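Read off the chains here:
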Amino acid sequence: MTQALTINGENRETAAETVADLLKEENVPLEAKGVAVALNGSVVRRADWSATPLHAGDSIEIVKPFSGG
Amino acid sequence: MLMKVENPNGDPMEIAGVPFNSRLMLGTAGYPNRQVMLDAIEAGGAEIVTVSIRRISLESYAESMTDVLKGKHLLPNTSGCATARDAVLTAQLAREALETNWVKLEVIGDRETLYPDVEELLKAAEELVKDGFIVLPYANDDPVTCRKLADVGCAAVMPMGSFIGSGLGVANPAAMARIVAEATVPIICDAGLGTASDAAVAMELGCDGVLLNTAVAKALDPVRMARAMGLAVQSGREARLAGRIPKLERAEPSSPQLGLIGG
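Top line first, the protein sequences correspond to chains H and C. Throughout, this note's numbering is defined as the position within the first sequence, counted from one, plus 763. Throughout, this note's numbering is defined as the position within the second sequence, counted from one, plus 13.
Simulated from the structure, these hints should not be mistaken for lab results.
For lysine-lysine, the following DSBU-like pairs were computed, each having C-alpha atoms within a straight-line distance of at most 35 Å:
1) C/85 <-> C/161
2) H/796 <-> C/83
3) H/796 <-> C/143
4) C/143 <-> C/161
5) H/796 <-> C/136
6) C/83 <-> C/231
7) C/85 <-> H/796
8) H/787 <-> C/85
9) C/17 <-> H/796
10) C/83 <-> C/136
11) C/231 <-> H/796
12) H/787 <-> C/83
13) C/231 <-> C/17
Note that this is a predicted model, so its numbers are computed, not measured.
Please put together the full structure from these sequences, using the hints given.
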């Protein structure tokens, strides 16, 4: 079963049930340094990724550092 | 290979109780390639470097800036944010991503000038300070705004020299001098500097440090320009501490006026 989420501004269907599932599905290594996640406008700490469930309509941001001024 | 700028030991810039020997802070964007960026940071002697926080590309996961800039004091920015809400969330994501509570707070009110939205900036600064952040806001070169930012608990305030990326230098030296004179926290001149003399001017006006990016990254030889900036910052700092002579609108001879031949 899949559900519709907004991932980094794009509407997507996913079978992922938790934040950790979603990152795996998107090929983001869970141990990767510098990755941070926000779910519906609040940061989800790395330690909570596998225990945080996703629901239809959720908006998720996955970010990392880039060059900047 | 150019010599790198050696930072003095006896005159640290302290922000939130942390001493830095270098008063030059560098951005990491827009260099011809990653190696030139790293060489420029090295040549300029910068200890604090800024990074941005962006959505990852869902197609590929590339090497992280955290590995590339190992050993540097990373200062994540909230560039591109237009509201206090977005800036606060970006800062919180940066804290999680980089394990630092330091943030260069940018809240932009106008895309053409990249001027801060002062109302949203103050709101975000206050909120982030309460949330335990060390906040360094990019601000207008306006003594009132800078004072208000210090009053809400920002660890340093970073007024613009001039428009971001413009290379126009310190556009309003008198305002910058007033900001410095009234400052209760370190003042970092951020944005608009074009060449070494601009950095020296900012330091001579009493700024505690400068933060720049484009002037180095887009120079013909970024590594050499970074070194020039590092030297200029030291030079300007020395001149500030030495105390310059007042400006006169007439000549004042430097040789003795007594014992002139034919006198």
